[in-house]
Amino acid sequence: MTIATADTLVRVRALRFAFGPRTIYDGIDLDIARGKVTAILGPSGTGKTTLLRLIGGQWKPDAGSIEFDGIDVHQQSRNALFALRKRMGLLFQSGALLTDLTVFENVAFPLREHTRLPESMIRDLVFMKLEAVGLRGAANLFPEQISGGMARRVALARAIALEPDMVMYDEPFTGQDPISMGVLIRLIRGLNQALGLTSVIVSHDVVEVLSISDYAYVVSGGKVLDHGTPEAIRASKSPLVQQFLNGEADGPVAFHYKSAKTYADDLMAARA
Amino acid sequence: MSFLSPLTDSLRGLGRASLFLLTIIATIPGAFLRPRLIVQQLYSVGVLSLIIIVISGSFIGMVLALQGYRTLVNFGAASSLGVLVALSIVRELGPVVTALLFAGRAGSALAAEIGLMKATDQLSGMEMMAVDPIKRVIAPRFIAGLIAMPLLASIFSMMAIGVAGGHAIGVELLGVDDGSYWSQINQAMHGRDIADMLIKATVFGLAISWIAVYQGYHAAPTSEGVSRATTSTVVVSSLAILALDFVLTAFMFH
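Chains as they are written, first to last, in the working numbering: chain A, 851 to 1122; chain B, 51 to 304.
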C-alpha cells in the first residue's frame, strides 16, 4: 500500500502511538520519497504534529519503527540521534525563534553551535539564507518586531542553515494572510528544488498543499485513509477524504460531538 | 492506599528533580567551555539583583542598629553595637535574607523565562537543531545562580554592617564610637564566620537555582503552567532556604 523504493528517505512501519488512553496512531505505514514534497493532510487533532516529533525522535512510538535514510531513529544513542537531527530541519508552527536573539543570530545559531566556521563565513552564510527567504533587510530585528509570516520565513532560513537532507513543515500556512501564504508556498517549492531537499508538509490547508506536493497522505482516526498523487487524492472515493477536501460540515466526521443523551432528553431534563 | 499518594507523589517529584540535577551536573564541565553564556547569565541573575540587595542590606543593617542600640545602651554596652550587627548579619541575616530576595527576584525570573521558552517551543526547537537545551540553556543559568549567591550575600552583609547600614545609624546618628564599632567587630568575628556565611550562601544558591530551573523546565506549556512554576519556585525555595538554614546552623554552631 505504500510507494517504497530505494529512494525512500523516511520509512514508517506499523507505527503505534498513544497519549494515555487516546490512540493517535494505530499501525500506520508511510514513505517519504527523497527529493519530493510529501504532504500529510488530516483534520485538526489527528496527530500530524505528533508524527513530525516522532520522526524527529523527540517522542518514542509505542510500537513500530521509523527509519531515516535506513537508520532506525529510535534505536540511536543521544549523540547519534543528535547527529541524525542535523540532517533534518523542523519548522514549528510558531517559528520557535529564540526571542533573546536577533533574526541574524537566530539563523546563525545552528552554525555557531555545530561548526567552527570563522565569523566572516558565518556572516556570509546567514545573509545567503536570509536572502533566500527575502529577509536580509530584517537581519537586525528581534523576533517580536516581525510578523508571524516573517517569523516562519526566518525559521525556514534557520532550518536550512546546516543544509539538511529534509525539512519538515508543521502547519506552515495556518493564520497567514494570502500574500504571506503565497510567499511561503513559493519558498517551500522553490527551496525544495534549488537545494535538492526532501520536504514534508503537515497541514490542513488542502488546496494550497496539494498545489505544491508530489505525493500526499490523508490521515485521520489513527489510520492512513488514502494516499497518492494530488490528482489521485482529489479523485478519492473515500467519503471522509471527500468531506475533508470539500470542507463539508457534516459527513463521516459528524458535526455533532458525541453525546450520551438525546437532544430531547437534555432539553426535558430541566423540567423533570 | 490512596492516603499515601501525596507522599508518593512528592517522593516521585524529588526523584525526578534529583535526576534532573545529576543531568545538569554532568553538563557543567561542557558549559564552562562557553564562558560567555555564563557571564551573560551572571549579569541577568547577579548584576540585575544588585539594587534590591544593596537597598535591603542597608535597611536591615539600620534596623538592627536601632533595635540593638536600645537594648545594649541599658547595660552600658552600646560600644558592642558593631559586634551585634556584624554577627547577626554574617551568621544569619546576610545569607538568609539575600537568598529569600534572590529567590523572589532571580529564581522567579529564571523559572518564568525557561517555562516560556518551553511553552513557545524554543526548547523543542533547540533539540530539533541537535542542541541540548540542558547544556545550552539550563547549565549556564544554574552555574550563574551558584556563583552569584555568595557574592550577593557578601555585598548584602557589607552594606548592612558598614557604609549606609549599621554604621550609619550606630556611629553617625546614635553616637557610638567609630573606633570601638570596628575594633570590636574585628575581635569578635573570625574567618570561620565568613566562611560559614559563604557556605550557607552557596548552598542556598544551589537550592534556588535547582528549584527554579527544574520548575521552569517541567512547567506545563501554558500560561497557567508558567505562572504556577514561578509561584512554586518562590514558595518552595523560601521554605527550602529556611529549612536548610536550620540544618546548616545546627552543624556549624553545635
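Just so you know, these hints were derived from the structure itself, not from any lab. The beta carbon of each residue, even a glycine, is placed where N, CA and C say it ideally should be. Each hint should be verified, as a subset may be incorrect.
[Claimed, not checked] Some, not all, of what chain B presents toward chain A, calculated at C-beta under 8 Å: (1) 68; (2) 172; (3) 174; (4) 178; (5) 180; (6) 181; (7) 183; (8) 243.
Comparing the hints with the structure gives:
no. : hint : in the structure
1   : 68   : violated (20 Å)
2   : 172  : holds (5 Å)
3   : 174  : holds (7 Å)
4   : 178  : holds (4 Å)
5   : 180  : holds (4 Å)
6   : 181  : holds (5 Å)
7   : 183  : violated (11 Å)
8   : 243  : violated (40 Å)
Going through the hint list in order, the structure does not satisfy hints 1, 7 and 8.
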